[in-house]
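Visitor: Sequences and hints are given; from them, build the entire structure.
2 protein chains.
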Amino acid sequence: MDEPKRRPRVVVIGGGFGGLHAVRSLRKAAVDVTLIDRRNHHLFQPLLYQVATGALSPANIAAPLRGLLRKQANAEVLLGEVVDIDPRAKQISLRDGDLIDYDSLIVAAGSSHSYFGHDEWEPLAPGLKTIENATAIRGRVLTAFENAERAKSEDERRRWLTFVIVGGGPTGVEMAGAVSELAHATLRGNFRRFDPATARVVLVEGHDRVLPPFAAKLSEYAGKALEKLQVELILGAHVSQVAADHVQVNHPDGTEQIIPAGTVLWAAGVQASPLGKLLAEKTGAATDRSGRIAVGPHLTVDGFDDLYVIGDLALFTHGVEQPLPALAPVAMQQGEFAARRIQSQTEGRAFDKTFAYDDRGTMATIGRFKAVADIKGMKFRGPFAWLVWLLVHLMLIVQFENRLLILLQWAWNYCTRNRSARLITDYEHRVEPKS
Amino acid sequence: MDEPKRRPRVVVIGGGFGGLHAVRSLRKAAVDVTLIDRRNHHLFQPLLYQVATGALSPANIAAPLRGLLRKQANAEVLLGEVVDIDPRAKQISLRDGDLIDYDSLIVAAGSSHSYFGHDEWEPLAPGLKTIENATAIRGRVLTAFENAERAKSEDERRRWLTFVIVGGGPTGVEMAGAVSELAHATLRGNFRRFDPATARVVLVEGHDRVLPPFAAKLSEYAGKALEKLQVELILGAHVSQVAADHVQVNHPDGTEQIIPAGTVLWAAGVQASPLGKLLAEKTGAATDRSGRIAVGPHLTVDGFDDLYVIGDLALFTHGVEQPLPALAPVAMQQGEFAARRIQSQTEGRAFDKTFAYDDRGTMATIGRFKAVADIKGMKFRGPFAWLVWLLVHLMLIVQFENRLLILLQWAWNYCTRNRSARLITDYEHRVEPKS
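Chain order of the listed sequences is C and B. Numbering follows the working numbering, in which position 208 of the first sequence is assigned residue number 208; successive positions increment by one, without gaps. Numbering follows the working numbering, in which position 221 of the second sequence is assigned residue number 656; successive positions increment by one, without gaps.
None of these hints come from the bench; they were simulated from the model. Take every hint as true, because none was put in to throw you off.
Some chain C residues near chain B, calculated using beta-carbon distances under 10 Å:
| hint | residue |
| --- | --- |
| 1 | Gly80 |
| 2 | Glu132 |
| 3 | Leu142 |
| 4 | Ser420 |
| 5 | Ile424 |
Over the 10 Å line for every Cβ pair with chain C, so calculated as not near, a few chain B residues:
| hint | residue |
| --- | --- |
| 6 | Arg444 |
| 7 | Lys525 |
| 8 | Gln526 |
| 9 | Gly552 |
| 10 | Pro558 |
| 11 | Val637 |
| 12 | Lys663 |
| 13 | Ala678 |
| 14 | Pro687 |
| 15 | Ala715 |
| 16 | Glu716 |
| 17 | Leu750 |
| 18 | Pro764 |
| 19 | Leu829 |
Computed from a predicted model, the values in this text were never measured in an experiment. Each residue gets a CB set at the ideal place from its N, CA and C atoms; glycine is no exception.
Guide: In structure tokens form, the structure reads like this:
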């Protein structure tokens, strides 16, 4: 009896932009692909802030991985948590003890927020990385308004109506704009004992401008657009304390500012997945301060030609001035590169390319009809940039089954300023006011 | 200084069909209305099973109470939990110690599932009453399929692919039909190690037919329709044990049947809100076995002419053969009746009517294009009944802000058999298989 020739097994850890794109790029390769994720869905993270502010439902921006890969016969999906990787035995371990052998491994486990050594702040100031984060933040923001309605004093009401967002990168800017729109437009007329438009939205950023990776004039525009949305900017200052009822901000001149606030949201700092630390121990690979794994020009770990690290978890420094940023397009291009290299090797073809990031531009949105975009050195701002932002995101989201509905829902929300998904569903946030 | 004449305060507990309808019916009354709910949203419960099976998102069937009452100037909404009612002092207490005085009180606190003295079954066999229930059930059902993909033996796989639904009333029938459609249509091609169509969906009902409140020939049709959907019916039998990995069913002939099952869903029995017990203690009102409060012909509690109990919590027996059932139309008509009586009294007009339920019919849906309806004695079944069911539910849901989108989403789902909201989001259900 002839045993059928075994096809090489490619294991991909993580179904985010990088991992999913790697799996899809392997669809014509003569390999068996196993995608492992702790979650059953791919998440379109750039729109997560819209879930956190009640404009979209989780299912609008999260698609089941099985549905996305249903027709890719050489791919299977496993719901599981990777707890160990043995790069010499070429084997990974799942939480429940299952062992999975691989011929090639692509680690795309992503990142979470860094609290700069203050992990105790996490429950007080949640970050925005998962669907659960988004619905929890939505519950907190809406509950703050509920608590303001039931406040026993004006001080308490002011506190519940103060929202501090830490971090002025794209996520922080989007959150600040959306919370402000929620207060000024969506919730108008919803309360009897205060005007929601009196809410105070504060954005704290350590650099002297918002959106620090962008060109200065785009940052300036974004800052002005935020101020028009009545967002209060505190620039060049650092948060030194987060408590249940206030935030302390330290200014460079040494002054300390206490902001009483019922809601603090975290949009600062990036911390690589814990799998990064594990990989560094097992392979001796270098890491940077945020835990990213240094990869070679082929996106592989030094000494392990079949071990790829891509996306937010990868530290790629070859031929670039700055390490590549943690952005979806970087992850997607890296996923495609790793897949092509694996496919070429499987087919016995030479593959002498090294990875080079094709930067097609970066952009961030601030609110309705306002955005900034830097595309191949050209700077855009205002409604045109917003239109570009919208089109690019719509194009990217077309992989979702119900894209037409998302488009309609989105158009509807933008026209009516409707945020109908204003649900408080987490028990722990459905609280009585702290008095 | 003249003190302005104080308007009477009407407090409504519960923002379900009865409570919300009462508040809206008071919109032209010279009263101040306070609606108190533990949740910030009104829930369109008849479609909750569609959330539990991934066809709709929570926000499609839950609307923020504040949004619904935004334009009703004499109404305010408070998010809070009622812990005490003093019908003599006409005062209620909230969890955080707040006291609220009322002139008239409408208690519409609803009901939850009864486990017939086996409350320990609740975590093993969740009921379907809240958004959290629905997303938890969705997570369990989807995780069962995930676990089947990773099962280590055929026995284990069979167990994960067996779904037992306890209770053959409308909710049980709808859930059974929807889980079966999920397995046979939606998940087709999603798994590599088994065919989801091999899933076993079992419906257990104590009566000798499903939908026992309906006419026998409608029950018979519903039973046949379920069998066509490959749902296995166990009739005239009772569940005597629920465990993490099986259900025990006792047949009237004394035989015991063990069904190994990874997922058990509860759709049997009704238990009135705990506020019923409290009210009975405070007023001496009679209750029935499920804890409902006996009300007089004006829906008030004997001896307390300003204390109304409506909806699932009320036991109304005047001029009817059977106590009125726990249905949305009963609750809505009762809410309207209480509101009219209060308004008349406020305006000093005589109000000599007593409550009479106008039964416009009952209906239940079984799956796509299949339903039964009993309308003023006329019995309908099949696609026509389903169309009636669809139209009635669409009409009822038009109070929602985004009704157009719900309609589109629904039409889309029915045409494509799409269930795009297949998200597992509860951490506790995102588990590794039990081996």
